[in-house]
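Protein chains in written order, with this note's numbering: chain Y, 1 to 268; chain A, 269 to 553.
The set of hints was computed from the structure by calculation and includes no laboratory data.
Careful, some of the hints might be misleading.
What follows is a list of derived Cβ distance ranges for each label pair [claimed, not checked]:
hint: 1; chain 1: A; residue 1: Pro416; chain 2: Y; residue 2: Arg247; range: 31 to 39 Å
hint: 2; chain 1: Y; residue 1: Asp251; chain 2: A; residue 2: Val415; range: 37 to 45 Å
hint: 3; chain 1: Y; residue 1: Arg22; chain 2: A; residue 2: Arg412; range: 32 to 40 Å
Note that the structure is a prediction, hence the values are computed from the model and not measured.
All C-beta atoms, glycine included, are put in the ideal place defined by N, C-alpha and C.
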Amino acid sequence: MSTSSETGTPVAARGTRLSLTRASLGRPGAPVIEGVDLDITPGEILTVVGPSGCGKSTLLRTLAGLLPALAGTITQDGRPLAGPGADRALVFQEDALLPWRTLRANVELPLAIKGSSRTERRAQASAWLARVGLADRERQLPHRVSGGQRQRVQLARALAGAPRAVLMDEPFGALDAQTRAGMQDLLVEVLHGTGATVVFVTHDVDEALFLGDRVALLGSGHPADDGGPGSPGRLLAVREVPRPRDRSALDDPARLTLRREVLTSLST
Amino acid sequence: MTRYLVRAASLAAALTAWQLLTSLNIDLWLRFSQFPTVADVARAFGDRLGGHDYWTDLTDSLTRILTGFLLAAVLGVATGVLVARSRLAEDLLGPLVEVLRPIPAIALVPVAILLFPSNEQGIVFITCAAAFFPVLVSTRHAVRALVPVWEEAVRTMGGGRWRILGSVVLPGALPGIFGGLSVGIGVSWICVISAEMISGQYGVGYRTWQDYTVVDYPGVFVGMVTIGVLGWVTSTAVERVGRWLTRWLPRTEYVAGARLRSAPAPVPSVPEPVREEGVRDEHLV
Numbered sequence: 001m002s003t004s005s006e007t008g009t010p011v012a013a014r015g016t017r018l019s020l021t022r023a024s025l026g027r028p029g030a031p032v033i034e035g036v037d038l039d040i041t042p043g044e045i046l047t048v049v050g051p052s053g054c055g056k057s058t059l060l061r062t063l064a065g066l067l068p069a070l071a072g073t074i075t076q077d078g079r080p081l082a083g084p085g086a087d088r089a090l091v092f093q094e095d096a097l098l099p100w101r102t103l104r105a106n107v108e109l110p111l112a113i114k115g116s117s118r119t120e121r122r123a124q125a126s127a128w129l130a131r132v133g134l135a136d137r138e139r140q141l142p143h144r145v146s147g148g149q150r151q152r153v154q155l156a157r158a159l160a161g162a163p164r165a166v167l168m169d170e171p172f173g174a175l176d177a178q179t180r181a182g183m184q185d186l187l188v189e190v191l192h193g194t195g196a197t198v199v200f201v202t203h204d205v206d207e208a209l210f211l212g213d214r215v216a217l218l219g220s221g222h223p224a225d226d227g228g229p230g231s232p233g234r235l236l237a238v239r240e241v242p243r244p245r246d247r248s249a250l251d252d253p254a255r256l257t258l259r260r261e262v263l264t265s266l267s268t
Numbered sequence: 269m270t271r272y273l274v275r276a277a278s279l280a281a282a283l284t285a286w287q288l289l290t291s292l293n294i295d296l297w298l299r300f301s302q303f304p305t306v307a308d309v310a311r312a313f314g315d316r317l318g319g320h321d322y323w324t325d326l327t328d329s330l331t332r333i334l335t336g337f338l339l340a341a342v343l344g345v346a347t348g349v350l351v352a353r354s355r356l357a358e359d360l361l362g363p364l365v366e367v368l369r370p371i372p373a374i375a376l377v378p379v380a381i382l383l384f385p386s387n388e389q390g391i392v393f394i395t396c397a398a399a400f401f402p403v404l405v406s407t408r409h410a411v412r413a414l415v416p417v418w419e420e421a422v423r424t425m426g427g428g429r430w431r432i433l434g435s436v437v438l439p440g441a442l443p444g445i446f447g448g449l450s451v452g453i454g455v456s457w458i459c460v461i462s463a464e465m466i467s468g469q470y471g472v473g474y475r476t477w478q479d480y481t482v483v484d485y486p487g488v489f490v491g492m493v494t495i496g497v498l499g500w501v502t503s504t505a506v507e508r509v510g511r512w513l514t515r516w517l518p519r520t521e522y523v524a525g526a527r528l529r530s531a532p533a534p535v536p537s538v539p540e541p542v543r544e545e546g547v548r549d550e551h552l553v
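Bound-form chain A, shown alone:
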């Protein structure tokens, strides 16, 4: 509870500082006189929320990032598993991946414009490319790091290649895969906004840039706040899904920085209570 108060207070302090600096037109080395005040931004936000365009921008951006990200998740996991499990795939795809990986996704804008018939597909392509590599790399690592005895156990039960994939490789690599997905959703959000700024029609990024070109500074800040909030929401969603799917992981009861005295009701450790796991008895995957 106190932690939430601290968080709210921190946010409030930042907004107050912003309001004071801008309303008093502080012009030291940093110039706040041109900066819109919090009140200006809030007013602009209110106007936008009432309009139709804001929501179109929002849904357009969300559609693009979700399409791109989901494509990247599927392709990244599939390629990562393939490269980690097959020497042929590693030889075929490895060099290509290593050469393409360092290229920032946003540098693919010319490629997207040349390749795709519409801007829309180009933006999705860039979003997908951004998330693809972190997902691929973390999947590859996670699959290679699997405990060999799990696979051997399934093989000695007569399990074949697909059984091993479904019962060992994918569930076992899931914690690592979600590491990549968390990074991926972050970079693909950055890239969808950037791509919209360059070549979009509608979308939060497009709108923000548009406001800048017509010198509507409060509008620019509305866009930035929207980007921030949506980015936070999407990352949190991925994080939550990941935690839920990997809830079998043994987690430490230790909370960093928590004071022992104020800790909530101590967890009885001996004897171990027979606790029902929140896990269905069907297999997770």
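One chain only, chain Y, in its complex shape:
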């Protein structure tokens, strides 16, 4: 590595504030989640949990600008949210790397879109890959590395563009438990110092409690498996997660109470 991670790692802009007011989200004629009032503060990590089909991904894709709101308002730092933009990076659950690009070329992509010079984006991409522990793999193609490594590259790619918000859609959902725990630690470590606002969707309660500063609980009105379309989901509650962030603090009483509440809300 010729570039040090100090020079290669950009100091990301401060986090951004994302606010939803009485928002209905989904596709026209088929709202997936309704009446969402949620204020995501700059620099926080908000985890979102809920049963499948309650609109977690829809919420994230709307914040990313891929879907317009059906009703209500969504603002970013007080201004109405426009379409997708480089200031809000989205990390997908599925493999979203371009398979014909090497890992480094994938991480370079957001920098190329921003118009960075070739040497600049090479140095930055290498530095980000080194930060997620893939320095020796940068010239490999995505299908040559493991699923966990591909998700690390996605994370590096998201952060390389110095976004003000990182939106993560069950990014570790397809990984085994051990890899997942490692990825959670890595995420916390890598996010440190970027100041970016993080919205992290997961169906894993412990992941939500470990990563989140706050946890948003989503619920569906009634289940959709009775044949008919389920009624739209809604935001049940937002809870502060007791700190410090520590795996061994799982038996902390406040945390246990919260965990029980989250689990109860998921099962109804």
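Following the hints, put chain A in place on chain Y, whose structure we already have.
Chain A in isolation, oriented as in the chain Y frame:
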């Protein structure tokens, strides 16, 4: 190595059979007595190779097919992408394409004669029309089959329409596009020969037909062999370029029909060796 021997033996057997059937003047139901022998054809081939006309024919045909095919590749890919990505383009061009597509390119000879001032341009037009539709159709399919998450990823990085076209649509559709180009080069070769037979001056097809009309049967066979070899060379070239441009595709190590025992040095699969891909780190497109 043995495979090459088998291939050579197969070819040799076919030539021997041909030579025997013709030199012995076998006349059963099929009549080989009028057929030129391999030796006749080889002699005629030798004479032609020494002459000037053969090479003029060769370069003329190659120029026509390359011009027509390259035009078809560019137009076919552009139209295919347009139709797949834009509803307006689909509505405007879709019906036209569907009506024109079933017309065999060689049936366009009258159109070519009416439209173009010279035969040369007419032949290129027919060659181009032949390759255009397979390229168009496979491009359209390939673009529609792209994984949506690739495009969404680039959009959330702030990439616009042109960035998506250059970084996602074209490279992602390339494997499919090359499927169409492989078919296209085959049909355009057929059509360039046919068009030359009908209206050409010079060209392998023209020469072959000319030899037939003056009852120079060995010459006809020289033409046919030339057509076969050139067709094989052009198809292989397209295939090779396609493989090179899509070398990022994960390929199976499994070889159909290969015997496991005689397989060359087993590929170590665990642990995966850190292999440098033969890929430059610049973007492919």
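We went through each hint and held it up to the structure:
1. One distance hint, 31 to 39 Å for the beta-carbon pair Pro416 of chain A and Arg247 of chain Y, holds here, with the actual separation near 36 Å.
2. Distance hint check for Asp251 of chain Y and Val415 of chain A: the Cβ-Cβ separation is about 43 Å, which falls inside the suggested range of 37 to 45 Å.
3. In this structure, Arg22 of chain Y and Arg412 of chain A meet the distance hint of 32 to 40 Å, their C-beta atoms being roughly 37 Å apart.
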